[in-house]
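J.: Respectively, the protein sequence lines represent chains A and B.
Heads up: the first sequence at position 3 corresponds to 3 in full-length UniProt numbering, and the numbers run straight through without jumps.
Heads up: the second sequence at position 355 corresponds to 355 in full-length UniProt numbering, and the numbers run straight through without jumps.
Any given hint might turn out to be false.
To be verified - Below, a list of computed lysine-lysine pairs in the DSS-like style, where the Cα atoms sit at most 25 Å apart:
1) 437/B with 122/A
2) 120/A with 479/B
3) 479/B with 117/B
4) 63/A with 120/B
5) 7/B with 120/A
6) 410/B with 437/B
No lab work stands behind these hints: they were computed from the structure.
Computed from a predicted structure; not experimentally measured.
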Amino acid sequence: MQTKLGLGKVVGLMAVVFAIGAILYWLGGPSAANVTFIQAVGYAILSNYAIILAVGISIGMAKENQGAAALAAFLGFEVIVQGANSLTSSIDIGDKGSIVLVAGLIAGVLAGYMYNRYHKTKLPAVLAFFGGRRFVPIITAGACLLIAFVLGHIWH
Amino acid sequence: MLGQLQKIGKALMLPIAVLPAAGLLLRLGQPDTLNIPFMAAAGNAVFNFLPILFAIGVAVGFAKNNHGFAGLAGFVSYEILTDGAKAINSTINLDALGGILAGIITGVIFNAVTKRKDVKWAQFMGGTKGLAVVLITLVSILLALIFGYVWPFVQTGINDLGSWIGALGAVGAGIYGLLNRLLIPFGLHHVVNSYIWFVYGSWHGKTGDMTRFFAGDPSAGGFMAGMFPIMMFGLPSAALAMVAAAKPERRRMVFGIMGAAALTSFLTGVTEPIEFSFMFLAPVLYVVHAILTGLSLAICYALGIRDGFNFSAGLIDYVLNRNHATHGYWLIPIGIAFGIVYFVVFYFSIKIFDIKTPGREDGDGSGTIPGAGFIFDEMQVAADEPANVPAASSTTPAAADLSTMAGKAKAYLDALGGPENVVEVEACTTRLRLNVKDMGQLNEPVLKQLGSSGVMKLNQHNAQVVVGTIADMLVEEMKQFM
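This is chain A alone, in the form it adopts within the complex (with noise of 0.2 Å):
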């Protein structure tokens, strides 16, 4: 059996990993190198910020740090991003706006703690097929729902 890897060393792989993102995206830029593709690479990295952190939280929380929790940060992610604007127009989902961040956040604690108390769900013959780990990213998006919903109406 693995040992978990605490929150502190994947904090530590995020920092790692925006900084590679950051030194790329300088490297690419004008006042460096300037080559569009290097600069394309690092910005892949950094607008998708929130994503990583959602990742990164859920990955932290799991018992043994298991993947599934990962999946679920980033569709519970999506949910709640995709979700609330639905619901208004006046919200900015671009890497620039700031409910991206508070959705990262909340899908990737959402994601770590279905993990722990739903990765062992058994359910009825005929579904059994969703249990288990499977059943941690369809509860997360559900729970995420909820949020996109709230959020959609208090957001603006």
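Position chain B relative to chain A; hints supplied.
T.: Relative to chain A, chain B alone:
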């Protein structure tokens, strides 16, 4: 190679499990049903980001112990790959294949790097696991560079292949149906499916027979419609034929098993319980089933029937998508016809060739029933009843509490040669995928007694054991003892 390809099929199960619920939301939120944009948006959150779900799912599925760092790396890898390639050539659309590819590369590098001795100075980011993520990031940049220049050519090639299959029309659908079923025993059907469902064809920027069907493309669904007659009528009829062909005194019990399997297939389109109950007992019958499936797809395509599913071709999808379908009502009479053909073919084949399907085994029927073991067992687990496994000879499992999943896992592990022999174990829908040191240590009689319906030895070290839908939870518990 075979083992690796199967891993993809297994890994896709995690993201695929979300599809029915998402499809339900997407479907019910549409203007023609409940007209709730909020619900549709939530469903779209899944379908629009399918490639990313594949990237994370495959990466996690490939990675040893399904470690979450691989999921993080899979996401980063996908973003670098697609955004980087697009920066070079804006027409590039890697879509689902990009996600699967990012996932595979991530998983392979992750496993290779974490095998090494842990690195002290990298402890702050999780040691070799963190280093693996950094390495994957860098490799992905290289890959984006290569794809940026090479992919435009491949993209043209794939489009040509797609139009070739499309040009084959009904014959193409038939070939697909045949291949789809024949590859199930090897777990490779997902490779064909992911091409047909998510890549084949193009309509308003959407690709794949399934994706286009749900986006509203009226021409999509030709490669899925023919599955409904098979899964809703054909296979359930085959199950009933097995009930009818069982010995009279065991018919009632076999009905309990096969009836539930038939109902599952009819409602949800999950066919494994039926298919695995005769696949090993009568391989020729399974080939006949594959040919009939191909025939159904070809016939439905030729008749202009278009229907789709986001999970599988059962009643739920049939009812949900009925307004999306073209001539969908035809699937019912065609299905009934196929049901009759399946019943006749199965009943007489079993009787004439004396195939030992569930309920036809020799003996007085007081002990366990080998052929029916896994399904019977599954029902017992679902009802939380203690399993009835006699311990009489050396080929029976060691005394263990088989009423709990943990006890079962321990017994399985012992039958596989213990923790020392099992290098790696993963769960698929209904199977354990194993990597073992010594294949000779697998005790097949005991595995059968425990409720598995088949053991497939792929090579010296890779094997699969069919255990039913408890696979996922069984593996979870087995890992506690490893």
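J.: Now look at each hint and say whether the structure bears it out.
T.: Comparing the hints with the structure gives:
1. 437/B with 122/A: The given pair, whose Cα atoms are some 32 Å apart, is violated under the 25 Å limit.
2. 120/A with 479/B: Satisfied, since the Cα-Cα distance of roughly 13 Å is no more than 25 Å.
3. 479/B with 117/B: 22 Å, holds
4. 63/A with 120/B: 23 Å, holds
5. 7/B with 120/A: 22 Å, holds
6. 410/B with 437/B: The given pair, whose Cα atoms are some 18 Å apart, holds under the 25 Å limit.
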